[in-house]
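Protein chains in written order, with my numbering: chain A, 1 to 242; chain B, 243 to 454; chain C, 455 to 635.
No wet-lab data here; the hints were simulated from the structure. Even glycine gets a Cβ: it sits at the ideal position worked out from N, Cα and C. Take these hints with a grain of salt, some might be off.
[Stated by the list, open to error] Pulled from the structure, derived: some chain A residues nowhere near chain C, Cβ distances all over 12 Å: (1) LYS182; (2) THR189; (3) ALA224.
[Claimed, not checked] Straight line, CA to CA, 20 Å or less: simulated SDA-like cross-link-like pairs of lysine to any residue: (4) A:LYS106 <-> C:PRO556; (5) B:LYS451 <-> C:LEU528; (6) C:LYS492 <-> B:GLU418; (7) B:LYS451 <-> C:PRO556; (8) A:LYS125 <-> A:LYS182; (9) C:LYS629 <-> C:ASN568; (10) C:LYS629 <-> C:LEU524; (11) C:LYS629 <-> A:LYS106; (12) C:LYS629 <-> A:MET94; (13) A:LYS106 <-> C:ILE505; (14) C:LYS492 <-> B:ASN421; (15) A:LYS106 <-> C:TYR552; (16) B:LYS451 <-> B:ALA362; (17) A:LYS106 <-> A:THR95; (18) A:LYS106 <-> C:ASP548; (19) B:LYS451 <-> C:GLU522; (20) C:LYS492 <-> C:ILE505; (21) C:LYS492 <-> B:PRO377; (22) C:LYS629 <-> A:THR95; (23) C:LYS492 <-> B:VAL433; (24) C:LYS629 <-> A:LYS182; (25) A:LYS158 <-> C:ALA540; (26) A:LYS235 <-> A:GLY199; (27) A:LYS235 <-> A:VAL217; (28) A:LYS106 <-> C:ARG525; (29) A:LYS182 <-> A:GLU172; (30) A:LYS182 <-> A:PRO28; (31) A:LYS106 <-> A:PRO92.
Spelled out, the chains give:
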Amino acid sequence: MPMVSLSHVKKAFGTNVVLSDISLAVDPGEVCCIIGPSGSGKSTVLRCINRLVAIDAGEIVVDGVSVTDPAVKDVELRRRVGMVFQQFNLFPHMTALENVTLAPRKVRGLDDTSARDLGRTLLAKVGLAERAGHYPAQLSGGQQQRVAIARALAMEPKVMLFDEATSALDPEITGEVLAVMKQLAQEHTTMICVTHEMGFAREVGTHVVFMDGGLVVEEGPPAAVLGAPQMERTKNFLSKVL
Amino acid sequence: MHAYVGALPALGRGLVTTFGVSLAAMALALAFGFVLGVVRSQAPRILDLPVLALVELFRGIPLLVLMYLLFFGLPQLGLHASSNAAAVAALALYAGALASEIVRGAIASIPRGQLEASSALGFGRAQTLALVVLPQALRRMLPPFVALFALIVESSSLASLIDVPDLLEAARQHVESENSIALPVYLTVLVAYFAINFPISVASRRLEKRLA
Amino acid sequence: MRVSEAAWARNAAIAFTEFFRNTPPLVQIYFLAFALPKIPGVGPYLVLPGIVAATLGLVLHQGAINVEILRAGLDAVPAGQREAAAALGLGRFDQLRYVLVPQAVRISLPALGNNVISLFKNTTLVASIGVLDLFGVANDIIAQILVSAELFITVGVVYLISVGLLGAFFRALEKRLAIAR
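So that you can see chain A by itself, here it is in the shape it has in the complex:
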């Protein structure tokens, strides 16, 4: 039973068709890396999974819960899906710890002490235990992103979505964030990553999906898609990137 499955998903913003026909299945424990040129709809796919964007047609099911069913509340979905953004989007008026504990307290209903313990554990996990009391402005980009990962993990989601998590970081710093993501993968977290980091996709990914123009052009294990691409468009893209 796939953890996340999309069937024939379509999405257009006005006259701009971003997703033409997307079908995808991600099994539990898989690390699915979505690659492709800008504007191919990769980020939109992620946002459709946790209903930040509503799809026009098709079906999406996450952990047995249907995203398209209006009876399913937003909260139900978002407790199962954690998201990490390209721009981190940490709440600037709260400390790192407060950022991580906000949702567990308000959405999961944890009491302050349990939330704080959870927060500290997670911050330690991403290597930022000593920074718990710092504000985002006092943290480097890489540190902020790691806090963002801890924040998403605090909801104990079944799936983690990474939307170009390292694209806004200086090259020397991407390493620390990728290391955390690798660690999560080794713990069998189901992950869907939109990424430009081909090295990561090859090393850590278990399933690579190449998207272009709102369609899945080619997919398969990293060795196949990255090493021996079949489709012309895939080859083109990879030759520019690798």
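Fit chains B and C to the known structure of chain A by using the hints.
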């Protein structure tokens, strides 16, 4: 109702005065504000301080106090001004101070890079100002100026307190003489001001979106 | 209500805000003081003492301006903040309460400060319906003694100093609450 309808022509005349006062004040404020704003944006720190003080003065005193000051104070200096003139002058000074801030802000918002490119091409300061900075700054000044006009119209109602025969004064006099029409008359006045200011407000916001 | 997703709430809030924002506070005060009592039926119950009418008029007018200021502040909060809050499962109200409004207030602080100063200056309007504030007292004295200009200058200076202090207070507040970006 008869009394209300009878009051309408007077209200109409009052409205004309309101417009007259507002437009005159706006014109003066624009002139005053523009000159002051440009000077402040170009001048070195030393000149900046007294001008800044002047601007803060006119912004800091309540408009009503300013009006009264001019209305009562000018005759003491030997200048006899009508109430209309005093009202326009007070509004112009007040709005002028605000306008100078708008002008200065718009000029300051032009990126440094433009100035550098301009110098690199050989333009002098005056040329840069006239050819590069002002054309762009003027577009950015437009929405706040439109909003300023709405503020002037709204503030002009204070002129009624120094006996300027504007819309509010006309209303007040008629209500004083005939109490029962208070409700329809003041309602009309509210609607009239709203009908003037709301479109201006909306226009200002639309302009801001389009020119941003 | 102004940023509610429910159209009816939003429209009602917009109607209220736009009306009270775009009409002169003096006219609103006059309406409350003189026109309310004339409403057929309930009128006699609505006779407001001068200071109440004046205060209410100012509250309505400046309050409406505040609504606009905060709305603009909310708009200025980066879109990613709302996304992140939503992705964590926070409902609309919680998003506003814990993430969006705190940032909006910090962003709006200069404008809100200006509005408070404006309000302070507008208190002169209460004199127009006979309530004795600083300005009203001065006017009174003039009527009795006729030494006008000096008196108004003094009054002006007092307002200036007060406004200056208010301004300094708000700037300090801004610094204190500033989120280094």
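Comparing the hints with the structure gives:
1. No beta-carbon of chain C is positioned within 12 Å of the beta-carbon of LYS182 (chain A); the least distance is around 22 Å.
2. Every beta carbon of chain C lies more than 12 Å from that of THR189 (chain A), the smallest distance being close to 16 Å; the non-interface claim holds.
3. Every C-beta of chain C lies more than 12 Å from that of ALA224 (chain A), the closest at about 32 Å, which supports listing it as non-interface.
4. Proposed proximity of LYS106 (chain A) and PRO556 (chain C) is supported: the alpha carbons are some 16 Å apart, at most 20 Å.
5. Taking the CA atoms of LYS451 (chain B) and LEU528 (chain C), the gap is about 16 Å. The hint holds against a cut of 20 Å.
6. Between LYS492 (chain C) and GLU418 (chain B), the direct Cα distance comes to roughly 13 Å. Compliance with the 20 Å bound is thereby established for this hinted pair.
7. Under the criterion of a C-alpha separation no larger than 20 Å, the hint pairing LYS451 (chain B) with PRO556 (chain C) is inconsistent with the structure, at around 25 Å.
8. In summary, the hint linking LYS125 (chain A) to LYS182 (chain A) is supported, as the alpha carbons are separated by about 12 Å, within the 20 Å threshold.
9. Of the pairs offered as hints, the one joining LYS629 (chain C) and ASN568 (chain C) holds, with about 15 Å between alpha carbons and a cut-off of 20 Å not exceeded.
10. Note on LYS629 (chain C) and LEU524 (chain C): the hinted pairing holds, with a Cα-Cα distance of about 19 Å set against a maximum of 20 Å.
11. Taken as a hint, the LYS629 (chain C) and LYS106 (chain A) pair is broken in the structure, with Cα atoms around 29 Å apart against an allowance of 20 Å.
12. Pair hint LYS629 (chain C) plus MET94 (chain A) holds up; C-alpha atoms about 17 Å apart against a cutoff of 20 Å.
13. Restraint check for LYS106 (chain A) and ILE505 (chain C): not satisfied, since their Cα atoms lie roughly 44 Å apart, outside the 20 Å limit.
14. With a C-alpha separation of about 8 Å, the suggested pair LYS492 (chain C) and ASN421 (chain B) falls inside the 20 Å cut-off, and the hint holds.
15. A hinted pair counts as satisfied when its Cα atoms are at most 20 Å apart, and LYS106 (chain A) with TYR552 (chain C) qualifies at roughly 10 Å.
16. Taking the CA atoms of LYS451 (chain B) and ALA362 (chain B), the gap is about 32 Å. The hint is violated against a cut of 20 Å.
17. Taken as a hint, the LYS106 (chain A) and THR95 (chain A) pair is honoured in the structure, with Cα atoms around 16 Å apart against an allowance of 20 Å.
18. Restraint check for LYS106 (chain A) and ASP548 (chain C): satisfied, since their Cα atoms lie roughly 8 Å apart, inside the 20 Å limit.
19. For the given pair, LYS451 (chain B) sits about 16 Å from GLU522 (chain C) by alpha-carbon distance, which is consistent with the 20 Å threshold.
20. Distance hint between LYS492 (chain C) and ILE505 (chain C) is fulfilled; the C-alpha atoms sit about 18 Å from each other, no more than 20 Å.
21. The suggested pairing of LYS492 (chain C) with PRO377 (chain B) is violated, with an alpha-carbon distance near 53 Å, which exceeds 20 Å.
22. Taken as a hint, the LYS629 (chain C) and THR95 (chain A) pair is honoured in the structure, with Cα atoms around 18 Å apart against an allowance of 20 Å.
23. Distance hint between LYS492 (chain C) and VAL433 (chain B) is fulfilled; the C-alpha atoms sit about 18 Å from each other, no more than 20 Å.
24. Taken as a hint, the LYS629 (chain C) and LYS182 (chain A) pair is broken in the structure, with Cα atoms around 41 Å apart against an allowance of 20 Å.
25. Distance check on the hinted pair: LYS158 (chain A) and ALA540 (chain C) sit about 17 Å apart at the alpha-carbon level, within 20 Å; holds.
26. For the suggested pair LYS235 (chain A) and GLY199 (chain A), the alpha carbons sit about 16 Å apart, so the restraint of at most 20 Å is met.
27. Straight-line distance between C-alpha atoms of LYS235 (chain A) and VAL217 (chain A) comes to about 11 Å, which keeps the hinted pair within the 20 Å bound.
28. With a C-alpha separation of about 24 Å, the suggested pairing of LYS106 (chain A) with ARG525 (chain C) is violated against the 20 Å cut-off.
29. Taken as a hint, the LYS182 (chain A) and GLU172 (chain A) pair is honoured in the structure, with Cα atoms around 17 Å apart against an allowance of 20 Å.
30. At roughly 16 Å between alpha-carbon atoms, LYS182 (chain A) and PRO28 (chain A) fall within 20 Å of each other, so this suggested pair holds.
31. Restraint check: the Cα-Cα separation between LYS106 (chain A) and PRO92 (chain A) comes to about 18 Å, which is no more than 20 Å; the hinted pair holds.
Checked against the numbered hints above, the structure breaks hints 7, 11, 13, 16, 21, 24, 28 and satisfies the rest.
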